[in-house]
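Protein chains in written order, with our numbering: chain Y, 1 to 361; chain A, 1 to 258.
Check each hint, because a few of them may be wrong.
What the hints assert, rightly or not - Which bits of chain A does chain Y cover? Going by a derived footprint, with three or more residues having C-beta under 8 Å, they are: (1) 150-160; (2) 163-176.
Unchecked claim - Label pairs and their computed distance ranges (CB to CB): (3) Asn14(Y) x Asn22(A): 52 to 62 Å; (4) Ser106(Y) x Gly161(A): 54 to 64 Å; (5) Leu62(A) x Thr360(Y): 46 to 56 Å; (6) Ile307(Y) x Val65(A): 49 to 59 Å.
Calculated from the structure, these hints are not laboratory results.
For glycine and all other residues, C-beta sits at the position ideal for the given N, C-alpha and C.
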Amino acid sequence: MPSIHVDKLTKAYNGNTVLKDLNLNVKSRELMVILGPTGCGKSTLLNVIAGLERQDSGNIFFDNEIINDIPPEKRNVGLVFQNFALFPHMTVFENVAYGLKARGKSKSEVGQVVGEKLSLLEIKHLQGKYPGEISGGEQQRVALARALVIEPEVLLLDEPFSNLDARIREQLRIEIREVQKKLGITTIHVTHDHTEAYVMADRIAVMGDNRIEQVGLPDEIFYRPESEYVAKFVGANVFKGAVVSLDSKGEVMKVNSNGLILTALLQEGLRVGDPINIFIRPENVFVILEPSHMSVRNIFKGSISSIVEMRGSAKITITLENSSEITAEVTKEALSELSLKIGKSIYVAFKATAVRAAKTS
Amino acid sequence: MLTLSGLFILFLALPLFNIVLNTTLSEFWRQIQDPVVLDAVRVSFITSTVASIFGLIFGVPLAYVLARKNFPGKIFIDTLIDLPMVLPPSVAGLALWLILGPRTLVGSWLGAQGFQVLFTWRAIIVAQFFVASPFIVRSARAAIESVDVNLEKAARSLGAGRFYALRTVVLPMASGGIVAGWIMMWARAIGEFGATLMVSSNVPGMFPQVLGTYTLPTAIYLLFLWTISGAVACAIILLIIAFLFSILSKRLLIKRRK
Chain Y
1 MPSIHVDKLT
11 KAYNGNTVLK
21 DLNLNVKSRE
31 LMVILGPTGC
41 GKSTLLNVIA
51 GLERQDSGNI
61 FFDNEIINDI
71 PPEKRNVGLV
81 FQNFALFPHM
91 TVFENVAYGL
101 KARGKSKSEV
111 GQVVGEKLSL
121 LEIKHLQGKY
131 PGEISGGEQQ
141 RVALARALVI
151 EPEVLLLDEP
161 FSNLDARIRE
171 QLRIEIREVQ
181 KKLGITTIHV
191 THDHTEAYVM
201 ADRIAVMGDN
211 RIEQVGLPDE
221 IFYRPESEYV
231 AKFVGANVFK
241 GAVVSLDSKG
251 EVMKVNSNGL
261 ILTALLQEGL
271 RVGDPINIFI
281 RPENVFVILE
291 PSHMSVRNIF
301 KGSISSIVEM
311 RGSAKITITL
321 ENSSEITAEV
331 TKEALSELSL
341 KIGKSIYVAF
351 KATAVRAAKT
361 S
Chain A
1 MLTLSGLFIL
11 FLALPLFNIV
21 LNTTLSEFWR
31 QIQDPVVLDA
41 VRVSFITSTV
51 ASIFGLIFGV
61 PLAYVLARKN
71 FPGKIFIDTL
81 IDLPMVLPPS
91 VAGLALWLIL
101 GPRTLVGSWL
111 GAQGFQVLFT
121 WRAIIVAQFF
131 VASPFIVRSA
141 RAAIESVDVN
151 LEKAARSLGA
161 GRFYALRTVV
171 LPMASGGIVA
181 GWIMMWARAI
191 GEFGATLMVS
201 SNVPGMFPQV
211 LGTYTLPTAI
221 YLLFLWTISG
231 AVACAIILLI
241 IAFLFSILSK
251 RLLIKRRK
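Please build the complete structure, drawing on both the sequences and the hints.
In structure tokens form, the structure reads like this:
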């Protein structure tokens, strides 16, 4: 299975730049999730890699081979779409068999290989039905079987679960992940769903407008964002500030953010006076009523300005004394035990190790 | 509301039914066995079938390009294609006459190849194609546009070349609209009058020996000057065709939407 190397890819439609000098490296057998908001150019990137659209400039390599001029039908790339894109005038069997028939395989070979893939995805019983007669989850299994039947070296998944129910989605995430590992296909999976990215990815590439902002392991992306864009996109609190002092032992530093003095984990290469962004994940921010019993270094007074309840937890936004806002994620139990209400005065606390800093460019 | 609708329908229906009242079954039967009328039927069926087959051959590829590609000047081509539909047929006739005439560049070149067009049945096909081909382009374009472009992309990624994908995915799915367009073009071609009158020599034929250049619509006009009952017979044939084909193309379009 090849590695994929995208080099300085640029693509515009009618003067609108969709991809700008985009670089991306996907290792052989890796599942790379491209995480980004709707309309950032993710689908275009997949289309270009599949050969369905031509880039304006830049190169795409499978291993060391430039594939710019290879037509889509010769790239051996499996593609799965958000809207499934099953051929409505063909049965499930005919849909899955399509790629083999296009390659002129014999009838017995078609029957055998299609049978294998139908079994792999547990849809053999559906083979005589038309796409319009089966559920969304089943349709996506068919689409996956159809893509896998040509034994692709590269699999491209374009928001494959976003038209499915939550329950089916969770199940298919695990199954597709297993199938991908089993077959070892180099895979690029595009999504805007954070949980999906976190659960499925070997690595995640966060995509902003036209380009890749950061590539890393899921934990790196969610807990150690390197830019304001990525931090905001993954839901972290972002403060602008400057380094005030560095600890003599070299472990922590003081940061001034709009009058608030925070203690943060020291980051290499920073000097006093450097302008920085600091990021704190909401689940690392604790809400307490009294500041006394906590051993953490960052404790600030504030009042609750909004509460958004979710399944199992709640997001609380607190306005601090310097009028900055910080979001904390607390459990439902904490919400009722501390009787948190809008307007209530409380303290927020977070460890120095939960505060990440990145120099502003 | 109902009264106005009723009046409107009456206004459409009365003249049409009145044609039928102007003849008897035996007279109609006698007239359509007339060699001149029979030849007009023959010429009409042959020319409009050939014209609409050319419409398929040239119109569907163009419809595909218009449905799927964006290019500078697309709106110009789009307008150009619609032009014959809104242009008076006499303008089309004049335009064709001016280009196919013996002393024109195209006409004299064709003549030198031994392929005279003007004043022959070939001119009828050209006139019908010119006036009626927009129907197939429009209908086929709408049908192709309604085929999700991702289906084509999926087919290509699965190993289908451009034409294989077209043949196995796009055309089967768009076939309803393409056939509907073909039928509409055929019906429009068989009803073509103005341009045909100007570019064909309007020679009555004698079925089966002599192939003339009367079509049913021009035959109505020319017969009506000397025998009204022949014109009525031709008109009834066209009326039946128009009626059947309208129903047929509607059914095809409804089936496509399902």
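Here is how each hint holds up against the structure:
no. : hint                              : result
1   : 150-160                           : holds (count 10)
2   : 163-176                           : holds (count 5)
3   : Asn14(Y) x Asn22(A): 52 to 62 Å   : holds (59 Å)
4   : Ser106(Y) x Gly161(A): 54 to 64 Å : violated (19 Å)
5   : Leu62(A) x Thr360(Y): 46 to 56 Å  : holds (55 Å)
6   : Ile307(Y) x Val65(A): 49 to 59 Å  : holds (57 Å)
Violated hint: 4 only; the structure is consistent with all others.
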